[in-house]
Every structure is written in structure tokens, then in C-alpha cells.
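Can you build the whole structure from these sequences, using the hints too?
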Amino acid sequence: MKIAVCIKQVPSREWHPRLNDTKTWIRDQDANFEMNEPDAYALEEALRLKEKHGGDVVVCSAGPARVAQVIREALARGADRAIHVEDDALASADAFVTSDALASAMKEEKFDLVLTGLQSDDQGFAQVGVVLAEKLGLPHATIIMEVQAQDGNLRVKRELEGGWFQWVAMPLPAVLTIQSGINQLRYATLKGIMAAKKKEIRKASAPASASPKQKIVSLYVPEKGKKTQIIGGSPAEAAKELVRRLRDEARVIS
Amino acid sequence: MILVVAEQREGKLNRATWETIVGAQQLASGAPITVLVPGANGAGVARELAAAQVKEVVTLEHAALEPYTPDGYTAALQDAIGQLSPTYVLLPHTYQTRDFAPKLAARMDRAILTDVTAIKPGSETAFVRPMFQGKLTADVVPLGPAPHFVTFQIGAFRVDQVAKGTSPAAVRAVTVNVDPSAIRQKPEAPFQQAKQAVDLSQAERIVSVGRGIKEQTNIEVAKKLAEALGAEIAASRPICDAGWLPMERQVGSSGQTVAPKLYVALGISGAIQHLVGMKGSNTVVAINKDPDAPIFEIADYGIVGDLFEIVPAIIEAVKQ
Chain A
1 MKIAVCIKQV PSREWHPRLN DTKTWIRDQD ANFEMNEPDA YALEEALRLK EKHGGDVVVC
61 SAGPARVAQV IREALARGAD RAIHVEDDAL ASADAFVTSD ALASAMKEEK FDLVLTGLQS
121 DDQGFAQVGV VLAEKLGLPH ATIIMEVQAQ DGNLRVKREL EGGWFQWVAM PLPAVLTIQS
181 GINQLRYATL KGIMAAKKKE IRKASAPASA SPKQKIVSLY VPEKGKKTQI IGGSPAEAAK
241 ELVRRLRDEA RVIS
Chain B
1 MILVVAEQRE GKLNRATWET IVGAQQLASG APITVLVPGA NGAGVARELA AAQVKEVVTL
61 EHAALEPYTP DGYTAALQDA IGQLSPTYVL LPHTYQTRDF APKLAARMDR AILTDVTAIK
121 PGSETAFVRP MFQGKLTADV VPLGPAPHFV TFQIGAFRVD QVAKGTSPAA VRAVTVNVDP
181 SAIRQKPEAP FQQAKQAVDL SQAERIVSVG RGIKEQTNIE VAKKLAEALG AEIAASRPIC
241 DAGWLPMERQ VGSSGQTVAP KLYVALGISG AIQHLVGMKG SNTVVAINKD PDAPIFEIAD
301 YGIVGDLFEI VPAIIEAVKQ
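In order, the protein sequences belong to chains A and B. If you're matching positions, the first sequence starts at 1 in this note's numbering and goes up one per residue. If you're matching positions, the second sequence starts at 1 in this note's numbering and goes up one per residue.
Bear in mind the hints are in silico, worked out from the structure with no lab data behind them. Since this is a predicted model, take the numbers as computed values, not measurements. Hints are not guaranteed to be accurate.
[Unchecked claim] Chain A is nowhere near these chain B residues, computed Cβ spacing over 10 Å in every case:
id, residue
1, G30
2, E48
3, A50
4, E56
5, T69
6, S85
7, I112
8, P168
9, V174
10, T175
11, P187
12, K214
13, K261
14, T283
[As the list claims (entries may be wrong)] Quick list of simulated restraints, FRET-style, between CB atoms:
id, chain 1, residue 1, chain 2, residue 2, range
15, B, N177, A, G162, 32 to 38 Å
16, B, S181, A, N20, 37 to 43 Å
17, A, R81, B, Q193, 33 to 39 Å
Idealized CB from N, CA, C, for every residue including glycine.
Okay, structure coming up:
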């Protein structure tokens, strides 16, 4: 099976946001980046499918030059080769532009299965996998917690809300968006890191045709909805004061 | 005209539809609103929704909509939207919407803004949405020709704010043409993995743990606090994914929705997926080492610091 995994590089969880001068995007140079977590689960699922059914795992990413870091990481974990659609404008692109960039570079590869995370930790559209499926002309399913592939067919467990699930069958090729927690992630071994250095990264340029479908006019730190009372002092003092307020003010403990 | 796409299954309405109607009424400022009810047995739902102050409710029944598939919904709704020609198409940001709406917008080559929490009117209407896991908020405008698709975060609008009409709105049906061979997904019946042994929705107090707990053995600290407060233990998704607590203890969009008197969030940053499951709580306490964690935006009381120092101190203070 020839499997593509679309991964995105996003600011790390510990990153403290800082805005650019126009307050329409972040200061890229201040951020540390890492692989988008749901995409890491998609990669792991692809590697497991390869181990079971054979084939190749090709990691695809659309973004500026810095994205090479997460591509190398994916190769070190076991992906066979990579496609990097490189363009500075892709750093803040909307889901349509990103999908266009990925689709144009992936089309000729004729993948059997395309996996990606259900959404990204940066813009959080939850759109790219679905839009990509449409642009590639493939069926899709979202928020997947189990993948069974056999004889050109696919059966996947889709997560619904509130603890409900549903099995969905569809023909291959297809696109799936993977939910975090579908599997246990592996880490790169030293051998994997060494091997990754020799693996191919094909560079592709972004298609000129893609036009954005939305524009950020203002980006800012959220206004607080409630008045949070921050309780200071030493741990013992803060704890004591919190318990007092929960008893006397909020009256939620006895 | 503004179109609201209702969500219903077998005649049972998803309440988030009412929230979307509230959003539509805010956006409309006088423009007519139409509510579209796709799926079989929608007549009862249509009558229910006709109580809202809207111009009309339109039902859409077709074999392609039963059972739900993204291919079927995309084809049928594209046809219906073509007939109704709205300027906006509004939907609740449910898992089902996430499954088909981006495809529908892509097929029609129209903008789609997802997970929107508020509307900012002006010369150019902007939509407010969280970014970077809630660390930042963006005002976003759709580009290109109408209709523009917008999905509203669950809980963004309050159902009790809905304007009701003086008399029920007109209900009519719309018919569409869909080629059944266009539907490639074959869904099986939905099921619940394990019967929910724990009903957190009824809990009066909940102590909930997130990534900040760091290790499985540290869950014990949280359990001791829960015991001292007479609370149930719960967790955010990553904790249940790791198997540190069972899935049935998960609070959030993929787990349970809770509304206790007291919700204590330990080392939970406050990703949107978690907040939608607990923001109905009466009193929220957040303990986190990161002063910028989004959980502090909805907390009533916050302590910034090391939970491994603070939690034992709280247990001590409760006992006194």
C-alpha cells in the first residue's frame, strides 16, 4: 500500500504567543515548532499499516523552509520519503490554499491511502483533510479511531460525539483524518535518525492558482469572559485562601 | 437570505441547532432567515423550529441522506443551496458538520469559517474564532463570492436568547436530485463502546486532570484531592488516550459534558475541545503553572504554580 501522511509544523505547546507588527499573525521568529500532535498519530497509524500490509509511507508537508525539521523527524520515525511544498506564504495559509498546495504535489503519486490529523493546533480549521479529499476526488471519513484495510477496501471506526462510534466502509483510495489517541506513538531511534539523513525529500513549489478564502483582520490575546480571581502567596497560603473562598464565597464545599 | 442547516437524526433535533439560529438572528439584522432540515422524519423537527422568529423552515428528504454520509450530504445540500441561494450558510460545529461542510464548501468553491464564537458587525462583518489552542483569538472575514459558510462553536450562543415568532413560520419542502452512485461511504449503525458506568453529568463536584499531571503515578494526588472534596475524578482527552484513566472519565467534546457545582482543573491548559465539555460548571478552579493557559479565562479562582505543591496543601486545608 502506498500511504501518504500530511503533517503540519505548529508552534510548540509551551510557546507564549507574540504578535507581528500588523497584529494579523504571530512573530514566527519567536516560536519553537513541533509536529502537530494529531498528525503524529496519523504518521504512527501509517507506519503500522505499512508494517502489516507492506508498501511505502510518504510524508507530505506544505510550509516554509523550517518545516524540514518535522519532515526529518517523520523520516526518522520510519517514513520512507517526503514531499515538501515549500513557500513562505504557506506558514499562515488557510485550509483551501494548504489543500491546493498538497493536492497539486500529491496528485501524480496516486496514493492508495492519505492520512492526516483531524485538525491542527495552530489555526484549528479541521478542514484540510476533507478539502484535500475533495480536491483529489477521493472519499473520506473524519475523526478516525481504528483503520482496517483489506483487498482494496477500507473499514474505519469513526468517533461521534458523547462516547458514540460508527464503522464506515469505503473503497480505496481514500482520505482519513485521524483522532489523537488512536495508537501509542513511537519515538525516533538513533538508527532511524541516521537513516533519515539519506532519505529523499522532493521539493515542490506551491501552485500559483490558489487564492485564499479568508483573511485574518486582527489577532489578539482573548478577552477574559469571567473575572478570574488569581490567588497568590505560598502554596500553603494560596491553598488555605482557596478553601476559604470555596466554603464562604462560592459555597461549593462544606 | 441567511440559511441555517439544522442537525437531526430520526426526528431528534441536535440542540446546537437552536444556538445556530441565535447566531443567525444576530447576523441577520433584518435579513430573512431560512432553516433547512435535512434527513428523514424531519417534519416534527421542522414544526419545533418554526417557533423561532424566522421566515420559513424547509424540509429536505431524500434517500441519499439516509443514513448520513458526507458524500450524500454534500450532493443534496449543494443542490438545495443552489435553489435557495443564501448569502450565508450557518451550521453548528458538530462532528457531523466537520465531516461534510468543508467538502461542500470546497465543491462550491466558497469560503468556510469554522469554530466561530462571535460575530462582529461593521462595514465588513467579521467572525471571531480561537486560534493556537485558544491562546489567541482572530477576527476573520470570508473572501470571494457568497454564500459564505460559517460553523459556530457549541455553546457560543445561548439557546435562551432565541427570538420566537408571534406565529409559527411557514414550513415547506424542497426536493433535490442526487445520483446514488456518488455515495461512496457505507456506514454501519452507531454504537457506544462501553456502557457509561460513570455518569459525570450528575456529579456535584469534579476534580479533573490534564497533561500537567505528567505521570500516571501522579494521578493518585488528584484522587486524594477528589476524595477530600467529595468529588468524582475526571480528565482531559490526553490522559484517557494514554490510558491513565478510563475513557468514560473523559470530559470534553469527545467525552462527557458536565455541569457540576465545583470543577477543579489540575494541569489542564483549556483546549477548546475540553472547555466545551465543562464550561457550564458553576464554579471553576484552575491550577496551572502557565499563567497564560486559556483555562484561566473561564476560571473563577486561579492559582498559578506547581500543582504538586498546591494540591497537597489544599487537601491539608480542607481537612482543617
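> For which of the previously enumerated hints does the structure constitute a violation, in increasing order of number?
Replying inline: 5, 7, 11, 13, 14, 16
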